Structure formats: C-alpha cells, structure tokens
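Here the protein sequences come in this chain order: F and C. Heads up: the first sequence is residues 1 to 470, going by the numbering used here. Heads up: the second sequence is residues 471 to 552, going by the numbering used here.
Some hints here could point you the wrong way.
Estimated spans, in silico, between C-beta atoms of each pair [to be verified]: (1) C:GLU530 <-> F:TRP319: 25 to 35 Å; (2) C:GLU487 <-> F:VAL220: 21 to 31 Å; (3) F:GLU329 <-> C:LYS526: 57 to 67 Å; (4) C:GLN532 <-> F:ALA130: 17 to 27 Å.
Hints are computed from structural coordinates only; laboratory data are not their basis. Quick caveat, the model's predicted, so the values are computed rather than measured. From the three backbone atoms N, C-alpha and C, an ideal C-beta is built for every residue, glycine too.
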Amino acid sequence: MAAEPQAGASREEAIEGYPGPYEVGVYAHRLRDRLRSLARVCLIGEVTNLRIGRGVNVYFELRDADGAMPCAMWKNEFERLGLAEGDLRDGAQVVAAGGCDYYPGGASASPSFAFRVSELRLAGEGDLLARLERLRKALAHEGLLEPQKLLPLAGLPRTIGVVTAAGSAARKDFLAGVERRGWRGTIVWAYAPVQDRRAAPAIAAALRDLAALGGAGGPVVDTIVVTRGGGSIADLWAFCDETLCRTVALLPVPVISAVGHETDRTLLDDVAAVCCSTPTHAAEAAVGVDCRSARARLATGASRLDSAGRQAVVTRARWLGARSRAPREHVARHRSHLHQKARELRAASGRIVTARVTYQQRVAVKVLSRKLMAARASAAAGRSEMGAAAGALERSRQARARREAEALRRMSAALRAHDPDRTLERGYALAVNGAGEPLGDAAAARAAGSFDLRMAGGTVPARVREREEA
Amino acid sequence: MGTEAPQSYEAAVERLEAIIDRLDTGQAGLRETLELCREGKVLVEYAAGELEAVGKGLEELQLDELIARLESADPALRRAGD
Chain F
1 MAAEPQAGAS REEAIEGYPG PYEVGVYAHR LRDRLRSLAR VCLIGEVTNL RIGRGVNVYF
61 ELRDADGAMP CAMWKNEFER LGLAEGDLRD GAQVVAAGGC DYYPGGASAS PSFAFRVSEL
121 RLAGEGDLLA RLERLRKALA HEGLLEPQKL LPLAGLPRTI GVVTAAGSAA RKDFLAGVER
181 RGWRGTIVWA YAPVQDRRAA PAIAAALRDL AALGGAGGPV VDTIVVTRGG GSIADLWAFC
241 DETLCRTVAL LPVPVISAVG HETDRTLLDD VAAVCCSTPT HAAEAAVGVD CRSARARLAT
301 GASRLDSAGR QAVVTRARWL GARSRAPREH VARHRSHLHQ KARELRAASG RIVTARVTYQ
361 QRVAVKVLSR KLMAARASAA AGRSEMGAAA GALERSRQAR ARREAEALRR MSAALRAHDP
421 DRTLERGYAL AVNGAGEPLG DAAAARAAGS FDLRMAGGTV PARVREREEA
Chain C
471 MGTEAPQSYE AAVERLEAII DRLDTGQAGL RETLELCREG KVLVEYAAGE LEAVGKGLEE
531 LQLDELIARL ESADPALRRA GD
C-alpha cells in the first residue's frame, strides 16, 4: 500500500529507510479501502462469542482448529436471514459470505478489523462432510489414522476410562453393557461437555489425564471410551475437531469411539483404535471377553486338562501294565521251562551217576569176583598146601603129643611117687601149723604145741601132751 | 509359550484352547501331554486370576476427584499440571 506523503510533512521527521511519515487517519482509510478490495469469499467455522446487542451490528467469531476471524454483520441483514431464535449460537457451524473490512476509528473511536458478513447460513451436512473429508485426508496423509489401531486392545481390561457427559444416556447404556458382560472392574468417569466449542478441548484434556493416571500413581487405564448419543453432524462436530483427533492419534492408550449412531461418522471414529456405533457396542468392544461364559469355559477347560492328564497317565499305565505282563509271563514260561529242564537234567545226571556207579559196581564186582576167584583159587591152593602141612603138622603134633603124654605119664607116675598124699594114703600123717606150714620135726611140733595132722581122708587137730614134758 | 508368563488374558486363553485341541487329538505322547497339562494349568490359574480381578465388584471413580486426590498426595503433580 503506497500512500502519498501529506503536503507539509517535514522530511526531518522521517526515519531513515522508511517512507513517511503519513497521517494515520489517511493510512487507516487507505487500509480499509485495500481490505475491501480483497476478494469476497465464504468462510466456514464454528460460531463463538456471539453478541447480539442493541447496536447496529451482530458480532461473533468464526473459529476452527487453525485460526479465527472476528466477524460483524449488520443487524438488519442478520434479521433478514430469518433464522429462528437460537439457531445462531455459540458452537454452531455456519457458512458466512463477505469480505474483509476495517473500521478506521477516529479521534475518539477505536479502530477494529472484521470480516463483514453479508450472507450467512447454518452449515449444512454437505458443508461439514466436505470439511470433514478434507480433515480426514490431511490426517491420513500424516499417518495419524493408524497409530491407535496398532495399540493392543485388552480383551479383559481392569480399568476403563470413559469420557462422556455426566448423567447422559450414553453413560447409562455403557454401564449396562459392561455389566451384561459380567465385568465388574474399575471405571474412571471423565465427564465433559460433548457438544459446542468447549467440548473438544475438554475431551482432549480428559483423554490426556486418563492416559497419564497410571504414571501419576493412579489406576492404569487400559482402555478409554469416548461416547455420546446421536445427533446431527453439526451436533457431533466437536468429535471432528482436528486438535482432539490429533491428541487421540498420539495417545498411548487405545481409544474406543462410540459417538452418534451407526450412520454418523466423525473424524474421531477414524483415528480411534476401534469405532463403535453405540455405547452398548462400545461396552462390548471395551470388554471383549464375556466374563460369565469365560468363567464357565475356563472351568470346562481346567476340567478337560485334568481329565486329559489323568487319562493320558491311566491309559498308558494300563497299556504299559498289559505290555509288562507279557514279558513277565514270557519269563515265567521260560522259568518254568528251565525248571523242567533242570529237573530233567538232574534226573538225567542222577541216572548217569547211577548208571556209572552201577557200571563201576559191576566192574568192581567183576574185578572183585575175579579177585575172589583168584583168591579162592589161591586159598584153595594154599588150603591144599596148608592141608598137607596141617596133616604133617598134625601128625607131628600127634606124635609129639603121644611123646609128651608118655613123658607126662612117666613124670606123673614119678610125681605121684613123691606126692605126700600118696604117702598119707599109705598111713602116714603130715603135721602142719595153723598157717598150713608143715612141721618138719618133733621139735617144731613141740614148739607149735598144737597143730593139725593131715591124713588120708581128712585133717585131725593134735596137741603135744604134757607127760612127755615131765 | 512354555513356562513364560502369558502376555494377556486373550493370549492365555488362545494358548489354552490350542493345548486342549492338541490333547483332544490324542496324538500327543505322554511327555508332551504332561507338559501341556502343566502349561495349561499355569494358564488356567493366570486366566482365573484375571477374571477374578474383574469379578469382585464394579468400582466407579471420577477423574476430577482422582486427580484432586493424587495432587493432594503429591504437590509436584499440581505444579506439573499448572
């Protein structure tokens, strides 16, 4: 923008390197003219800070994730739109046509910039869907639709974070859904507005807080569910917020989106790990395991394991038992066979020994017989010789006996001739003392005084008479 | 999987079903059967523990109250939050 220097401006007041100085009012008007010369366009965004006062203008701001524009609309033009009361409100998505404008202000009025809106309508589904598609493509291009889908989703989470409106039907439906699954873990409710311009930042903050709970000493949130009931795409526009969706895409905890009805498709649905049509479906996705049937199945599984283990051992034990009997029986048969053989062997060896003994006995008998016969022959020969010798000896003995008998007879006769008894028989007597000693002479008889007289036919006691002494 | 701890309930159940399927075929030898049974019992205990953890009773907490409680317990959190 080039402005002509005002006449009378002092060159000394200029700053080197910059043209001017120019009168500010002139410059402001030139600026207004230049801005007004810019192309007139349509803008789409969310209405915020709406002010419908008594003045001639209606003021509001149009915002989206990347920026905002202050807007002003002549009240008469606004009233010609015929919008129902409340249609234009904070959070409403609108399409506004107009162009840049600048109010230069004055000595006592502040200047201001505004997008002067000449036409305005509530954003239709087509507008929003087109915008949504652009955002979706942008996020997809940056690869932000994938990270959440790569996160493992626990089938049996212990703690679930739920972002929803306090007291909403969605809250109730979700709770009923998890209870139907038999799930009785921990739910951390993060209540947030789910519509209008406050919704997206609040939901994003809740998501960040839920994800950070575990690291701050709170419960570790395994899964986060973002849910609300159905509505128009405009009502659900908070869930298409680019900042919110970028937050979700980079969140380390899987997010289940259950916003609106089946036909609704928000940008959050695209970036979330799982997209569900209703809070009830979200409950089923968050608790992938039906705890009731899982408990029953687990009990069945445990029972089957026990049974399989026991059966495997018992069956094999029986099998082994059957197999183990075969060698035992085989061994028993062999043992019996061996015992039989041993008995036969003993019997055979006995027979052999007996036969050998018998044989040896026979041999011995024969030998002995022969020896006996030889001995007998020898004995017979000896006996014959002995007979001859004995005959000679007998004859010699008899001769000698006769000689000795003759000598004996002679000696006997001689002896008898000297036998005192023969003398006694002829009338003599033998005087003996008490000890049987013969008294050889009369002196002995006298000395003895008394003695016995042995005579033929007996002994007579005798005594020396006294007269003889006289 | 062997003696390693299960990564998750689903992994444990999936492995458990695979074990039971294998046992049902009757083709596993005695040693394998006993090992599978031992592994299966560990998995059953783990899975039962996980089910038990979400079967005691529903606990409902509110994020705002939880954060306030954590911040009061640890002022550093409040400063970090600010």
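A quick look at each hint next to the structure:
1. In this structure the hint that C:GLU530 and F:TRP319 lie 25 to 35 Å apart at CB is violated, the actual value being about 57 Å.
2. Range check, C:GLU487 to F:VAL220: about 27 Å between beta-carbon atoms, so the 21 to 31 Å window is met.
3. With their beta carbons about 60 Å apart, F:GLU329 and C:LYS526 fall inside the hinted range of 57 to 67 Å.
4. Checking the proposed 17 to 27 Å range against C:GLN532 and F:ALA130 shows it is violated: the Cβ atoms sit about 39 Å from each other.
When held up to the earlier numbered hints, the structure conflicts with 1, 4 and fits the remainder.
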